[in-house]
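*Asks:* As a plain string of letters, each chain reads:
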Amino acid sequence: MSSQTEERIVVGMSGGVDSSVAAALLKRDGWQVIGVMLRLWSDPGTENRCCAPDALIEAREIAGQLQIPFYVVDAKESFYKEVVEPFIHSYAAGETPNPCLSCNRLIRWKFLRSRASALGADKIATGHYARTQTLPDGTIQLLKNPDPEKDQSYFLHLLTQDDLRSTVFPLAELTKTEVRQLAKEYSLAVAEREDSQDLCFMGQGDYRKFLRERCPESIQPGPILSQDGELLGEHTGLADYTIGQRKGLGIAGPEPYYVLQKDLRQNTLVIGAKGSSNRREFFTHEVNWISGNAPQEPFPAEIKIRYKSQASPGLVAPLKDQGARILLDHPLPDITPGQAGVFYQGQICLGGGTISLEAP
Amino acid sequence: MNTHTYLDYGATTPIDERVLSVMLPHLQATFGNPSSLHYWGQQAERVLDQSRRSMAAHLGAEPEELIFTSSGSESDNLALRGGAVARRNAKGSNRILISPIEHPAVSNTARQLQEQSGFEVDLLPVDKTGQIQLEKLEPLLKADVALVSVMAANNEIGTLNPIQEIGVLCQAHQIPFHTDAVQYAAHFAMDVTKLPVDMISLGAHKFYGPKGIGALYVRRGTPILPVQTGGSQEFGKRAATENVPLIAGMAKAFQLVQEEATQRREHLSALRDDIIQQVLAAVPDSKLTGAQGNARLPNHASFVFSGLDGNLLIQVLDSEGYACSSGSACKTGNPKPSSVLTHLGYSPDWALGSLRITLGKDTTREEVDQFLRILPGCVARVREVAA
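Taken in order, these protein sequences are the chains called D and Y.
200 is the number that the numbering used here gives to position 200 of the first sequence; each next residue is one higher, with no gaps.
Numbering-wise, the numbering used here comes out as the position in the second sequence, counting from 1, plus 1000.
With the rest of the complex left out, here is chain D:
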């Protein structure tokens, strides 16, 4: 990012330290920065954590400090249609969805890019910990942040060449410590908010309660079976459980039980000992290839099956209709339908898709 001459850029701001420092760095580098915050839907009576009033106040304060314009863009309706509804449907289909993924692609990038173009800016920026590099042929690669604890490329695997061409990641290779240090240097008035595991649109609530209210038919009690088909108890509804879950099963056994499988057709929950559901093979559908071209041949890669999991070596075989078959070198527990499987080769994020245990 060399010094620019008053080129406009729209930066997505959340009031947090990452996007605030991103905005400050852009300003330092000579961009004409415009801050934008998206207003997202939340369960009535709660505030969406990504745009809560205090976050709004903080983002506006930062924008004021940096002397950049700051606008709030209403994306509630789109967010509900494109993130919340699919989230409910995905749970109803027995999956464990990650709504942050669809939010990035369908809301964040779409809104920021369209607003940017109206505001006369060719580029957008976010405070994600990730990098890009442009190859001689013009292809843009998405690269990891070197800090494995902070790398967020997993969340960006759905971006296209078009998205990447118009995106700047000012944090690029910085570590969280460096970002905090920069916030101090620029005297940015950012509060340190705890990273929350809650979903942004549910406030403090539990997703189970949320689903019961919105999709009660998806939560019907049914049998809990062993792998041999032995009846061990009753579950409260499949959506209440996640593959690999151990706590809250309420069934004593010779060794701890884990959720192995959710059989939607039979409405049964299959549980068993740790490791007994480890698998090497799974599939991904709706795969996005960041290069824009699906590989023709199987290739070796490292695969991440959750944001916080280690990448595991294996083989990725592209299938037709944007599918892929993954064969890991070593079996893994907790391969969860609805989460994303993301493919890497070293630092390069190649793309990824939604995990399924069945061939697409």
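These aren't lab readings, by the way, just hints derived from the structure by calculation.
Watch out, some of these pointers could steer you wrong.
[What the hints assert, rightly or not] Examples of chain D residues toward chain Y, derived with CB under 10 Å:
(1) R8
(2) I34
(3) A118
Each residue gets a CB set at the ideal place from its N, CA and C atoms; glycine is no exception.
Given chain D, work out where chain Y should sit, using these hints.
*Replies:* Frame of chain D, contents of chain Y only:
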């Protein structure tokens, strides 16, 4: 974005230098409480009296008919709450008639009086420009009406109302008539010896006075109860220590309007007419909202554009250096169409794309010309997003 051109004088105005210089001594030297008996109190009370007499004289009113408040909104609240309840106590009448395009300070107050105090609230018929239809008004002025409230000029669409004629009708039926003149008073002198209005709301910051100060004219004999109770300031109609510096500033700003209104109007209406003509010509699928020509505020041009996100247009114009409004300021809320435009029959596709340009006495022709040059391109860019 290096230059900023302010075209949102309907939202607020900067304090005139001449007003500021009147205010400053009273922030420190004449800091006393007008209710105090000592020297400082007397000095402050003198400034208060002078200011009240000055404003009253410009209105053709008696000093005792002018109550200082904190804002135009508070004046509206006092007129409706204090006026309607006092009238009901006196006559038993419990119906409030308001126009459907009132500022929320009136419409939401009326709604609360309906929901919590047992009043009936009816909306008066208006034409497509939001103007009260006089011939339909008279049959509604029955004995059970406690109060009629119709704004003199609408903030969103600029339409003026025939307050003289409405006042005559209300007077004939002996019904108190209140008008919210917060926008109107920035441009027109008013003389209550000729204007048959019983209560008039004013707010200083719309006419180059300070924020946080307003006034309510209450014609002698009009029943009214205090809403804010406490001490006996403002003839027992509004308790609180008088804000002497702001009151002095309001009086000075009001004086300047009376002296300069004619010349300001000439300057503003010429620019306004150019804006209206050129925007309608240069922007496809555009409509003027509110009344034509001199039936609207002299500094006010308002439009709707179909298929466009009005809030985004404001942001885009801001990023080009022009501060405008969509008509009713709601910068973070839901993108709901304005209730005024909806009432006037605009579909959401049009009503969501509203733009209000309000000029100030120091707005130059160059600024307007530059604005008109960039506006069509900005509209086109914002329409692309919706497409």
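*Asks:* Now tell me if each hint is right for this structure.
*Replies:* Cross-check of the supplied hints:
1. R8: At 8 Å from the nearest chain Y Cβ, D:R8 passes the 10 Å test, so the hint holds.
2. I34: Holds. Min distance 6 Å.
3. A118: Cβ of D:A118 sits 5 Å from chain Y, so the hint holds.
No hint from the list above goes unmet by this structure.
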